[in-house]
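Number of protein chains: 2
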Amino acid sequence: MTAEGSPPRTPTLGDVAKVAGVSIATASKALNGRTEVKAETRERVKRAAERLSFSPNALAQGLLTGRSGTVGLLTSDLEGRFSIPILMGAEDAFGSGKTSVFLCDARGDSIREQHHVRALLSRRVDGLIVVGSSTNPRASLGPDLPVPVVYAYAPSDHPQDLSLISDNVGGGRLAVEHLIASGRTRIAHITGDIDYSAASDRALGVTGALEAAGLPLTGGRVMYGSWNEAWGRGAARQLIERSPEVDAIVCGSDQIARGVIDALHEQNLDVPSQIAVIGFDNWGILATNSRPQLTSVDPRLEQLGRLAAKRLSEAIEGTTKHGIETIPCRVVTRASTAPSN
Amino acid sequence: MTAEGSPPRTPTLGDVAKVAGVSIATASKALNGRTEVKAETRERVKRAAERLSFSPNALAQGLLTGRSGTVGLLTSDLEGRFSIPILMGAEDAFGSGKTSVFLCDARGDSIREQHHVRALLSRRVDGLIVVGSSTNPRASLGPDLPVPVVYAYAPSDHPQDLSLISDNVGGGRLAVEHLIASGRTRIAHITGDIDYSAASDRALGVTGALEAAGLPLTGGRVMYGSWNEAWGRGAARQLIERSPEVDAIVCGSDQIARGVIDALHEQNLDVPSQIAVIGFDNWGILATNSRPQLTSVDPRLEQLGRLAAKRLSEAIEGTTKHGIETIPCRVVTRASTAPSN
DNA sequence: TATCGTGTTGAAAACCTTTTCGGTAGTTTT
DNA sequence: AAAACTACCGAAAAGGTTTTCAACACGATA
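Chains as they are written, first to last, in my numbering: chain A, 10 to 350; chain B, 10 to 350.
Hint data in this document are derived by calculation from the structure and do not stem from the laboratory.
Ideal placement from N, C-alpha and C gives every residue a C-beta, glycine not left out.
Some clues are possibly wrong.
Partner residues aside, some chain A positions facing chain B, computed with beta carbon under 8 angstroms [to be verified]: (1) LEU130; (2) LEU150; (3) ASN298; (4) ARG343.
Straight-line alpha carbon distances no greater than 20 angstroms define the calculated EDC-like cross-link-like pairs of lysine to aspartate or glutamate that follow [said to hold, decoys possible]: (5) B:LYS107 / A:GLU122; (6) B:LYS319 / B:ASP118; (7) B:LYS107 / A:ASP210; (8) A:LYS107 / B:ASP118.
Per the computed footprint, the stretches of chain B lying under chain A, defined by three or more beta-carbons under 8 angstroms from a beta-carbon of chain A, are [unchecked claim]: (9) 22-32; (10) 82-92; (11) 110-116; (12) 236-242; (13) 332-339.
Sequences are here, hints too, so could you generate the full structure?
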């Protein structure tokens, strides 16, 4: 019996080879499914690896191949509502494969962002996903990074970059089409801060779809305000005052929609029988806890994240794309827009 | 002039050394602030590194030192409300230093979890943070991992592991003490699913504090139900029916609290002048959009995440702890519990 | 003058894996 | 019997960094 004096370090390929009685080269080939190794030998090596619970050192592999099998996910605000689903989608799309995700939150600080980018590059990530905190364009990381970059949610301001965003104009259109299909014709639009392209784009879709249907925008103009329930409540009260004929309201966010519903209840107006309300974002916790449950336009952020992962993988493999790619929204129908009859 | 035929790979220490006219060893020492190098030489090397925008290959460093400077963050559900702040806190605590975070979402699937753990170990992470999706204990990853592990939010079921949780019993107590301090004496408790230790622990704190103050629990018993607004509404109606004398309600979550407030408004009971309402979780989006804004017990999850990062760093440095460590909650006071007079 | 420190530098090993290429033994073809 | 071929295996290099140790030069000490 040998004296087991060595400390229990994590086993290397060399240890496996020794146990199996072969060379390191043969062990490597056996475990990686290369053909030039006898079946019986391969079995022996595999058993040895199993017994030592060997797992190859990804650092060494990365050093050799120049591919680390990691990507960086750079988010601007983790507490924000929108980064998370995108992050989930991306993590999901990568997670099944052989790449892992480094998460970094820059807190909207460009110094910190630079710092993180440097750290990620020094870890030799194979690529970068940058997810913004609003739909407004953000500064590009620059064209001369040694790895491909994909921007999600907030497009890059550099046209040569690839940016992935959801189709807010189309989303606004979908909302109106959904309301028209459920029998509404006197449609108003209450939304958030006009400085957000999310607000103006969605408004564009709303007015465009109304125009296409030959309907006026009830209330006369888009009601811009801020992204919270208080504004939804206030705007709804104004609207009812000025345009009591309204029979449907497109809201720029689910929060605004909850405020709107709240105010309508106060005025003893029933949702949806008297006025239909549709939200935007399909934020589960708000939409399903609302009374009635809230129909909402879903920007499909997980999908966006998954696509970002896919495009980044493609770019890493060599096929790069440029410009802005949009993905369509969809309407998730719940009780708040049930047909009025 | 030399023919610059080589492709522009990312520069190595060797390149820096060549430009500076020194050996690789000297370059390394110069950049790492080792003393045994002449000041003038160090300057020359630093300038060369700067010019090539050299950054050391972390893979190679990790391979050599056995420390990768990375940790794995294993979450059970990313879409969950609670993982995110913890994740933020941890990312924050690490982010400033020299360690990066691998994010993995196991989706509550233990197969996937195993897969992720293996992948992380093969990347030679220096440690692991496991954040659960509920406060109930979860299965340990096992005692024989080659790296330290810290469990956050959901404690491990293995007493030898280190688990970090917020003090839910204390949180319940704080809620009652806050209400008593603002002049309430007829206090009820509406909370979520009894199968969650979050519910039973908070209830324990509530009843304990009442007992300590010599007050009865209004309604006679803790009202367990589910974690959503609908239950909050229903329970509040029942409560008002059975115990109209109630002047304060401790809610097991902010969602329940919103439902409660909603139902109270329907009964024309004013919050807070007639009945005070306090929530739990301090979920900003719910608490600040409520009308009136919602006082809530804050479990300080970011703090939990930061502490997890700290404890993990300590464990990596060698000082390991065991058992369950709790961090205190705090009350964030808003309008819904303003004193009644 | 011989010895000893001191200050500075560079060669080489080590970390772990993959891949190339040469070698050996056994088998088939001429 | 010689040649060619096949199947399998192992030695060695490569990847980029850190660290150890030897070497060197030079001034100071004995």
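Outcome of the hint check:
no., hint, in the structure
1, LEU130, "6 angstroms, holds"
2, LEU150, "14 angstroms, violated"
3, ASN298, "4 angstroms, holds"
4, ARG343, "14 angstroms, violated"
5, B:LYS107 / A:GLU122, "15 angstroms, holds"
6, B:LYS319 / B:ASP118, "27 angstroms, violated"
7, B:LYS107 / A:ASP210, "41 angstroms, violated"
8, A:LYS107 / B:ASP118, "18 angstroms, holds"
9, 22-32, "violated (count 0)"
10, 82-92, "holds (count 4)"
11, 110-116, "holds (count 5)"
12, 236-242, "holds (count 4)"
13, 332-339, "violated (count 0)"
Violated hints for the displayed structure, listed by number in ascending order: 2, 4, 6, 7, 9 and 13.
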